[in-house]
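Quick mapping for you: the protein sequence lines, in order, are chains C and A. Residues in the first sequence are numbered from 78 upward in steps of one, following the numbering used here. Residues in the second sequence are numbered from -16 upward in steps of one, following the numbering used here.
FYI, nobody ran anything at the bench for these hints, they're computed from the structure.
To give an idea of the chain A side of the interface with chain C (calculated C-beta under 10 Å), a few residues: (1) S164; (2) G168; (3) S169; (4) G173; (5) P186.
In silico lysine-lysine, DSSO-like type, Cα no more than 27 Å apart, as pairs: (6) K229(C) - K176(A); (7) K306(C) - K229(C); (8) K203(C) - K176(A); (9) K227(C) - K176(A); (10) K349(C) - K304(C); (11) K306(C) - K349(C); (12) K176(A) - K186(C).
Quantities reported herein were computed from a predicted structural model and do not represent experimental measurements. For each residue, glycine too, the CB sits at the ideal point set by N, CA and C.
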Amino acid sequence: MTQPEQNVAAQVQAEAETQQRTQTAAHRRMEPGGNSVFDTENVSIFYGSFKAVTDVSLTMYENEITAFIGPSGCGKTTVLRTLNRMNDLVPGAHVEGDVRYRGASLYAKGVSPIAVRRRIGMVFQKPNPFPKSIYDNVAYGPRINGEHNKGKLNEIVERSLQQAALWDEVKDRLNKSGLGLSGGQAQRLCIARTIAVEPDVILMDEPCSALDPIATGAIEDLMKEIKSKYTIVIVTHNMQQATRVSDRTAFYSVLRNEKSDTRTGVLVEYDKTERLFQDPSDPRTQAYVTGRMG
Amino acid sequence: MAVVTEQPNIDLREPKGWRRNLNRIMTWLMVLSFILVIIPLVFVLVTVVIKGAPVISWTWLTTGPIPPNVAPADVGGIGPAVLGTILITFWATLMAVPLGILGAIYLNEYSGGRGLLGGLISFFSDVMTGVPSIVMGLFIFSIWVLHFGFSGFAGSLALGCLMLPIVIRSTYEMLRLVPNSLREGSYALGATKARVTVTVVLPAALGGIVSGALLAIARAAGETAPLLFTILVVTTANPNVFSGPNTSLPSQIFTNASSAFTGAQARGWGAALTLIVICFVLMIAARIVTARFTRFQQH
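One chain only, chain C, in its complex shape (with noise of 0.2 Å):
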């Protein structure tokens, strides 16, 4: 490491730690729910030599939806893809600290990325339907996972249509291209392919950023109506969207280094989303649910 990197790094670190103070004080006196599904401690993700986040701890409870907000660059999605493994695809990216599925360290020795993202499903900024038909592209996860027995199929692919909100307007054109759809109806596909695995948690990549409002409120809508069977969590842009549906939000931040001009991101706070709106303990929280900053 050459001088001016370790005077960025022993930076970098101090910042953090006056984070985990503030940080720590916020998660103390935040009501826990109920079991926890993801628990973080101190997480940093790399890309390459470059820390894109740094120390990120929280804990995310089950059939609740946890919301990451933040300014752009500020490694709400990389943190969001840590929890299923997808930076693995990333070349160069690795993660320190630990990251806990129900207990289980997602990123110890043996640990099968395949198995992870069965129960760890996510859905994607941009609709990203296959180019195959509708039928077939909420059938390809059963299939992947080797059901292939023809009513359960139709069963599973009715279900999850229906849960998705999607059944009665593709009913009767199952067997058209699921590139044919609307933008708000592609991203319900998706939905309906990750639900149709029957994964434990969704992840949700700002679901909603390339749709218009009544797509979106569609789609939050839905969020609400499957919480009760799915842990979500969310990336969003959207403040509104935050307060909307979600029951606890975090709120990231970025560590701007002059010297290297290069950019971490921070967890500021994370709390119930009511508290984090209305009573944030961060000065820098304040100025961004306010619309100050970011």
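Following the hints, complete the assembly by docking chain A onto the known chain C.
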């Protein structure tokens, strides 16, 4: 009738000057280039059809042996060459297309274009593209024909070597075009890399892969040079590609067209037309098949 209203004092017409003129000049240049490109194509097609069509008949296409050059045009048939071309190209395709596609999958999906093996494959497939086809024939001559003798299969090997880099390159480019979001969508459902490749990436790239393979096949079917050293042009049909000399349409075109006898020349034109039609039929068939497999990619 258009209603004439008083025009306000703003000029919304395209401004005069060099930009408009340049636009016009470039547009006309493009039209001209297109015409220039299309002239040889039309000329070749028309000439081949006019000169080749008279000799073609079903019996001519299916019977043999191919008569000697002195024979008039209405004697015998070109059957052995049609059979040879189809068999030799078939075996070449069978070897080169799967290998090339698998190589491209390794390059794009597994090595990520990096790594020692990936770099080597990429480099040597590029080098192979530049090897003259006659050198490929010599290569197979020295490693195969000298040991096992002339055969249609030796010709297939030479053509396969020619096709391989084309298939690798075109498939690789098509796989690169498959958006990463599709791969991620599949991974997020708990798919393994092999699953992602087979069930999402390959179907999404299928149209382009088939087009690339077809170009390679058409290129190989029309090659003469690599066959001269490997199949030894004969006049009788040899349905066994694995032993004994064989013949093919391009080889027949080569020997007949350089002959002084009008009968042989007519056979050469006929063979040329036959070859073009075979490639054309292949193209159309593959397009139909591809359209069926990629019907979900359009809305």
